[in-house]
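Q: Chain by chain, the residues:
2 protein chains.
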Amino acid sequence: MINKVLIVGGTHGNETSGTTLLHSAYKSAINSQFGGLTINFAMGNPRACKQNIRYTEEDLNRQFSLTSLATEAQCYEALRAQEINQQYGPKAAPTQDIVIDIHNTTSNMGPTLIVLQADEFHIGLSRYVKQHMPSAVILVEDEKPPQDHPYLCTIGKRGLMVEVGPQEQGVCRATITQQAFEMIQHILAFCELWNNKGRAVLTELTVAPAFRLDKVVEYPLSDSGERVAMIHPELQDRDFHLLQAGDPVFAHFDGNVTTWDGEPTYPHFINEAAYQHLQIAFATADSISL
Amino acid sequence: MINKVLIVGGTHGNETSGTTLLHSAYKSAINSQFGGLTINFAMGNPRACKQNIRYTEEDLNRQFSLTSLATEAQCYEALRAQEINQQYGPKAAPTQDIVIDIHNTTSNMGPTLIVLQADEFHIGLSRYVKQHMPSAVILVEDEKPPQDHPYLCTIGKRGLMVEVGPQEQGVCRATITQQAFEMIQHILAFCELWNNKGRAVLTELTVAPAFRLDKVVEYPLSDSGERVAMIHPELQDRDFHLLQAGDPVFAHFDGNVTTWDGEPTYPHFINEAAYQHLQIAFATADSISL
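Chains as they are written, first to last, in full-length UniProt numbering: chain A, 1 to 290; chain B, 1 to 290.
Accuracy of the hints is not assured; some may be wrong.
Since the list gives no way to pick one copy over another, a pair counts as held whenever it fits inside one copy or between any two copies.
To be verified - In silico lysine to aspartate or glutamate, EDC-like type, Cα no more than 20 Å apart, as pairs:
id, residue 1, residue 2
1, K157, E58
2, K157, D119
3, K27, D254
4, K27, E226
5, K50, E218
These are computed hints drawn from the structure, not numbers from a lab.
Could you build the full structure based on these sequences and the hints that come with them?
A: Set out below in structure tokens:
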């Protein structure tokens, strides 16, 4: 049974869909529409939200490992993680049946539902969301057990991220906020369906196309660590489109082009602003069915 | 005569078109293509560029008033402005014939050429750029004399800003960089034409449609200063499209809509990320011909 639901906005302080949702008529719409669920709303990183920046000292969405939560906090975000864990966790013995954490990306990923496991609940959820919101993309990040991730959403029995883009950091786009709202409505509607029917829903729903995270690809750097290329214009904005051997990937500043020489894959988080300092150009994924 | 040209990138450290141009084959292409001009290249704010942020303490592009330049610097950017002014100015007695400062916007403004005066040179330039790059937008900001602006480009005898978008802060898009490069090529080509023909070029070029900056419009705030609305989806990305009385402008978080009740106008810098902290929703402009 899904009873207690936590919806979090502002985990990254410059991703506005979550904070707007928490401050708008969308919040009361959710509350009145899903009266059968006990829904809490929380603001992830109020200090970063106030400054309209991703984080003030460290990324809050990387502070929720069991180790970090048990260690004396060395920065604001580590401390904030412990507060959130105390109030809505704890991760070691979760009280929330599901935690939904709302994010934005600057990449052209569309409304993406990130699930951390492919068990019956999440397969059913993925099918339901895809069926009711065809523009939705399902991304499975199950390269390790859910609790081994340092994400905020792992403090619940189940955890999801709603990752909607493209949206510039610090900017609120009405259409993007609307997509986040719509995806959350479908997630909550599925929770009620799951409560009513359990695993029987699996067979009632159409198998959904999805993606499974593979790895990250970095920008080419010079020997001294300076970036020497940009995303090729033919790859830019082609998140979740097939990339095959020979397709252009990087346009080098000296005029050369790097082409893809790996297995066919589905790039995403292409040119994501938040990953620039990590030199991450994009992530790759395999096509799967759920 | 235009002889000495200064091209500046990285005045804002998270606007990558300028810095990419300075680090790429575009730079040598410019040098070899316009051998008749003496072209210098300068990096505006190296400290902010390194951190991939707009500025470290204060906006560098607001530090070039004659007063600021003559006052003891109170922050890194004020000091950097004085260095730039000493090396490539001084504003009080300019040595550069023209300063071209490269910027990016997150708004859907396209490749925009911002000129600070509508004299014969700038009218000719606007006509030439528009004729050779039909996607270009000409924006005149001549609400005060050029030297009264605090912009970096005012340290030259003439100063321009190349403002290209949409591009996320801190991200390099190949197509946007290419547009900045192309616009600079046209500006430099016009400089050579001006050297050869002077004001006679005016009559040889087609009159160009342009915009003149009018004012800025702020987001609606609550009594306690909290933002209560976002840009209406029908206005978002409609930079330089006609906005008329009755057209929706703001979608309020409570579900209400504000419509435009002023004279017909042309919004731009719509939902610009860099102006969020100033609560600026967009600027308006009048349609003119140059």
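Q: Regarding K27 and D254, is the shortest C-alpha distance of 20 Å or less found within a copy, between copies, in both, or in neither?
A: Answer is between; shortest inter-copy Cα gap is 10 Å, intra-copy 50 Å.
Q: Cα distance capped at 20 Å. Does K27 pair with E226 within a copy, between copies, both, or neither?
A: So K27 and E226 pass the 20 Å test across copies only (17 Å; inside, 45 Å).
Q: Taking 20 Å as the upper bound on the Cα-Cα distance, should K157 and D119 be classified as within, between, both, or neither?
A: within (13 Å within a copy, 68 Å between copies)
Q: Treating 20 Å as the Cα threshold, decide for K50 and E218: within, between, both or neither.
A: between (31 Å within a copy, 18 Å between copies)
Q: Could you figure out if K157 and E58 sit no more than 20 Å apart (CA to CA) within one copy, between two copies, both or neither?
A: Neither way: K157 and E58 sit 25 Å apart in one copy and 45 Å across, limit 20 Å.
In this structure, the one hint that does not hold is number 1.
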